[in-house]
Every structure is written in structure tokens, then in C-alpha cells.
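J.: Sequence:
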Amino acid sequence: MTLRSLLVDLVSTNDRKEVPDEQILNVLRENDRIAVGTQDIADAVDMSRQGVENRLDELELKNRVQSQKIGSVLVWDLHPDERRDVVPPEIDRLVHAFDLIRDQFAMTRRLGMYILLTGFALIFTSLSTALAATPVDPFADVLLVWGYAIAGGGGAAWFVGGGTQLATIVAEHVVYWRLTGELLRTWKENDAAASSQRGQIDVRLIVGLFVLVLIGGALVGAASDLQAGLATSSAFSWFEATVVAGLFLVALVAMVLGIE
Numbered sequence: 001m002t003l004r005s006l007l008v009d010l011v012s013t014n015d016r017k018e019v020p021d022e023q024i025l026n027v028l029r030e031n032d033r034i035a036v037g038t039q040d041i042a043d044a045v046d047m048s049r050q051g052v053e054n055r056l057d058e059l060e061l062k063n064r065v066q067s068q069k070i071g072s073v074l075v076w077d078l079h080p081d082e083r084r085d086v087v088p089p090e091i092d093r094l095v096h097a098f099d100l101i102r103d104q105f106a107m108t109r110r111l112g113m114y115i116l117l118t119g120f121a122l123i124f125t126s127l128s129t130a131l132a133a134t135p136v137d138p139f140a141d142v143l144l145v146w147g148y149a150i151a152g153g154g155g156a157a158w159f160v161g162g163g164t165q166l167a168t169i170v171a172e173h174v175v176y177w178r179l180t181g182e183l184l185r186t187w188k189e190n191d192a193a194a195s196s197q198r199g200q201i202d203v204r205l206i207v208g209l210f211v212l213v214l215i216g217g218a219l220v221g222a223a224s225d226l227q228a229g230l231a232t233s234s235a236f237s238w239f240e241a242t243v244v245a246g247l248f249l250v251a252l253v254a255m256v257l258g259i260e
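Every letter in the sequence shown is one number past the one before it in my numbering, and letter 119, counting from 1, is 119.
No lab work stands behind these hints: they were computed from the structure. Be aware that a few hints might be false.
Capping the alpha-carbon separation at 25 Å, the derived lysine to any residue pairs in SDA-like fashion look like this [said to hold, decoys possible]:
1. K62 with H96
2. K62 with E30
3. K62 with D103
4. K69 with M47
5. K62 with L78
6. K69 with V45
7. K62 with Y114
8. K69 with D46
9. K62 with M47
10. K62 with P80
11. K62 with V75
12. K62 with R102
13. K69 with D21
14. K69 with E53
15. K69 with A44
16. K62 with T38
17. K62 with H173
18. K62 with D77
19. K69 with H79
20. K69 with N54
21. K69 with R102
22. K62 with S48
23. K69 with D81
Turn these sequences into a full structure, and let the hints steer you where they fit.
T.: This is the structure in C-alpha cells:
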């Protein structure tokens with residue numbers, strides 16, 4: 001699926017399998033502080049009762065709606081921070097499309113950072129192998145070439161993913177402003193969603209830390225071997241050893257900043 005077809009599909013006003021969040025929230029906004037039942041919302045947006053209930057549960061976790069029981073009936077109302085003017089579903093589809101595109105390139109950026117740091121690990125390993133072997137093992141030269149190639153590819157993916165992600169954010173705000181004449185209100189909503197999820201451990205965080213330990217361990221070993229090799233050579237200087245340690249720290253900091 002091309003980028004153009006993705007935008008056309010998501011921004012289209014034709015029937016979609018997924019009803020935008022704003023269309024559900026607009027039902028509550030239009031009732032002006034009157035709690036609405038799950039079935040009434042389902043009828044208004046043409047969804048199944050269970051589907052609407054699942055979506056409302058997700059919105060409640062994000063502090064966008066609140067529920068209460070009146071007798072045996074579960075009713076829904078807007079969260080106090082969510083009370084604002086009705087948002088056209090087409091605008092919400094547009095924002096949703098930009099979110100999907102941004103998430104895809106965010107994954108590209110993270111993957112590029114992993115590949116970049118893998119290349120760094122190969123470079124450090126090849127340098128330490130070259131210093132430890134006399135004469136220099138030809139394998140070290142091959143490893144060095146592969147390290148630079150992998151690091152270059154990962155750096156390119158990280159640059160493209162991060163740059164496109166930033167461009168998408170800017171384009172999203174510009175398009176929304178041109179269509180509505182107002183600024184896109186996403187920062188407060190994102191902060192609220194983030195605050196509601198504090199303390200929860202994401203699977204991607206665990207995987208990221210696991211990869212960080214693996215690549216970080218390789219860099220630590222390679223940097224230690226490299227410094228030991230420099231220390232036993234006639235060309236050793238504390239400046240060279242400091243540069244090696246500095247590169248190692250920069251690589252780790254870059255990875256931590258690039259993953260999330």
C-alpha cells in the first residue's frame with residue numbers, strides 16, 4: 001500500500017471498519033453533560049455494543065471519558081478535561097493517518113539505531129582484534145569493512161526515519177491549521193495519556209534494554225581491549241585512550257536517545 005492510498009483510505013468519508021475516536025466522543029459532546037448508555041452510543045456510530053464498550057474502556061484509560069453505574073445500567077460521560085467543541089470525523093481521520101505514518105517511521109528510526117550500534121560494535125571489535133594480533137589478522141580488516149557498512153546503513157535508516165517523523169509532525173500541524181484555522185491540540189492529550197500509563201512496563205522497553213545490554217557489552221569489551229592494546233604499543237597516549245572512551249560513551253548515549 002502506497003502512502004497516497006493510505007491517506008485516501010483513512011481520510012475518505014466512506015464507511016470504514018474502524019470508527020474514529022472523535023466520532024464516539026462527539027456523541028457524548030452533543031448530549032451536553034448528559035450521560036449516555038453504551039447501546040445509545042453504539043446506535044449513533046453504527047457499531048456493535050461490545051465494540052463500542054471496548055473502545056470506551058480504552059478512552060477511559062486515556063482519561064478522555066468516565067463511566068458510572070445508574071442502577072444496573074453503565075453510562076458514559078466526557079472526562080472534564082475533554083470538554084470542547086465537536087471535532088469533525090474527517091479531521092480525526094486525518095490526524096489518525098498522520099499518527100500511523102509517524103509510528104511507521106518511528107519504528108524505522110529505532111531499527112536504524114539498533115543497526116547503527118551493531119556496526120559500531122563490529123568496528124570496535126575489529127580494531128581491538130587488529131591491535132591484539134601481530135601481524136594483523138586479515139579477518140580484522142574484513143570485520144572493519146562490514147562494521148562501517150552496517151553502521152552506514154543503520155545511520156541512513158535512522159536519519160530517514162527521524163527526519164520523516166519530524167516532517168510528519170510539522171505537516172500534521174500545518175494541514176490542521178490550514179483546514180480549521182486553529183492549532184492542533186495534541187500536546188495536552190498526549191501528556192494526559194502518558195501520565196495515565198506511568199508505571200506500566202512496555203514490551204518494547206524490555207526488548208530495547210536487552211539489546212542495549214548485548215550491544216553495550218560488546219562495546220565495553222572492545223573498548224577495553226582497544227585501550228589495553230594502545231597501552232602496550234609505543235604510540236600509546238592518554239589522548240587516544242580518552243578518544244576511544246569518548247566514542248564509546250557517545251555511542252551508548254546516541255542509542256538511548258534514538259530508541260525512544
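J.: Can you list which hints this structure breaks, lowest number first?
T.: 7, 21
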